[in-house]
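Asker: Top to bottom, those sequences are chains A and B. Heads up: the first sequence begins at 1 in the working numbering, then just goes up one per residue. Heads up: the second sequence begins at 1001 in the working numbering, then just goes up one per residue.
Derived by calculation from the structure, the hints in this document are not laboratory data. C-beta: ideal position from N, C-alpha, C; glycine also. Please note that a few of the clues may not be correct.
Said to hold, decoys possible - When the alpha-carbon atoms are kept at most 35 angstroms apart in a straight line, the in silico DSBU-like pairs for lysine-lysine are as follows:
1. A:K156 / A:K166
2. B:K1098 / A:K189
3. A:K156 / B:K1112
4. B:K1112 / A:K146
Claimed, not checked - Cβ-Cβ distance ranges computed for the label pairs, FRET-style:
5. A:D27 / B:K1112: 57 to 63 angstroms
6. B:D1208 / A:G52: 31 to 37 angstroms
7. B:E1122 / A:V140: 19 to 25 angstroms
8. B:E1122 / A:P114: 47 to 53 angstroms
9. B:L1215 / A:V44: 37 to 43 angstroms
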Amino acid sequence: MFARKAVELVQEVARCDPDQILPFDADGVQRVLEEAHEHHQHMVQILLRVQGSGVEWRETRSEDATAVMVHHQALLRNKRCLLAYLNARMDQIRRLRWQLGATLPSALQERLSPSEGEWFVQYSQALGDYMVAAGLDLTVDLSPPKDPYIEVRVLKDAGAMYLDDKVAYLEANTLHLVRKTDAEPLILKGLLEHREY
Amino acid sequence: MAFQTRGGGEDAAEADFPESNPAGLGSGVGAGRGAAGGAGGAGFGAGGGAGGAEEGGDEDFLSASIESDSVLLRRIWQNEKAAPDILQYETELVERTKTRIEELEEVTDVLKTDGRKAMERELHTMDVDRTKYLLRAYLRCRLQKIDRFFLHLASDSDYYSRLSDGEQRYCDRQVDLVQAHMEKAVLLRLPRRYQSMLKQADSSEAPDMIPTPDLDTFVFCVATRPLQSVQLDPQLDDVIGMAPGELHILRYRPIRSLVESGALMLL
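Throw the hints in and build the complete structure from the sequences for me.
Answerer: Pasting the structure below:
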């Protein structure tokens, strides 16, 4: 009660590693919502009792007025914590979209709640639409270019892929000289490794 | 205002820059007042010179308006990175930059077929890459601010008008999508009268749950032209003068309009 569970939810998301995301705590959210309703019930009961006894609100006993206030504030705190929880997760999911692209690996995808999954698809769409309209992919080219081409080593077999208008056969442990902007998304996905001397 | 198109200027000082226009392309890139003499071969400078047009005010015509687009883009990006709120979208600069990138890419394509021109092609590719990086970084920075503050931007018409059309659409969609998600996951499951996304409770007088950028953070800034009296704090009557090139650390809120007008540059 009094937002203790809600605060735990917020702590859970605050402690999470920024590149990871924890599974959605549907039970936690459910409990906080139930507590919010409990507080609301208490408030309603006190208000009904006061109204029923015909006393003017201004003249209620201070215990009643304070109790209503406390329940109201606890309810608000529960609400704020829940929304903060959702917001923090949305921030994490946005970061994943920027790092990993529009399809998330299934291990991460199953940690999203159904509602988050839907939101993610549409967020991804909105981002994609913006980038198409602007004419540039904004998720690549994250560091200032020193060389237009970089040398990469292939970590996992990836078959044939179009790189710089030529077909390249990406077999494990081969070296390729690739344009930086082509290589970046593949490096982020773990397919290639930048060979720095 | 004398608009000078590329290649036909009235000003004799506007020299041709053959090394940055190998195929004779680039006509009409960035007409503006002032000669294009500024930045030499750095980036794609030849067409720019419209820095003064953006800043307004005739007194900086002589001092700071002779600036290439690449220098301007870098400065605009730096300002955007350092400012806590979102600044005015530079429509013309972005359009000019995109045109320039297309032209340079055309040139590199043409050069691909000529084996002897590998060096030239390398240089052009580097130019394209750097320009693209700056443009992407600028748009990315703005988009990430929209990701954080879409509710605030959507509810304040001043800020909303600073966004480009694409950004406005993106912002509106963010509002809708986040509202739908929050309602489904939490808000509609709360007691009635506590279900608003913008207000904590229906009894709140005004929306009190909209995150806004902190305008009271401190920023590093440099004046681009002499400033006589900069009002730092209206209550304390704290006024300073700034000379160009001096580095100051100031609270962002009182100097916002100077950043917007281009009189101050953020670092």
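Asker: Next, verify each hint and record whether it holds.
Answerer: Quick rundown of the hints versus the structure:
1. A:K156 / A:K166: Measuring from Cα to Cα gives roughly 20 angstroms; hence the hint holds.
2. B:K1098 / A:K189: At roughly 28 angstroms apart (the allowed maximum being 35 angstroms), K189 (chain A) and K1098 (chain B) satisfy the hint.
3. A:K156 / B:K1112: holds, 31 angstroms
4. B:K1112 / A:K146: Holds. K1112 (chain B) to K146 (chain A) sits at ~21 angstroms (cutoff 35 angstroms).
5. A:D27 / B:K1112: 57 to 63 angstroms: At roughly 59 angstroms between Cβ atoms, K1112 (chain B) and D27 (chain A) fall inside 57 to 63 angstroms, so the hint holds.
6. B:D1208 / A:G52: 31 to 37 angstroms: holds, 32 angstroms
7. B:E1122 / A:V140: 19 to 25 angstroms: For V140 (chain A) against E1122 (chain B), whose Cβ atoms are near 20 angstroms apart, the range 19 to 25 angstroms holds.
8. B:E1122 / A:P114: 47 to 53 angstroms: holds, 50 angstroms
9. B:L1215 / A:V44: 37 to 43 angstroms: This hint holds: roughly 41 angstroms between Cβ atoms.
Violated hints: none; the structure is consistent with every hint.
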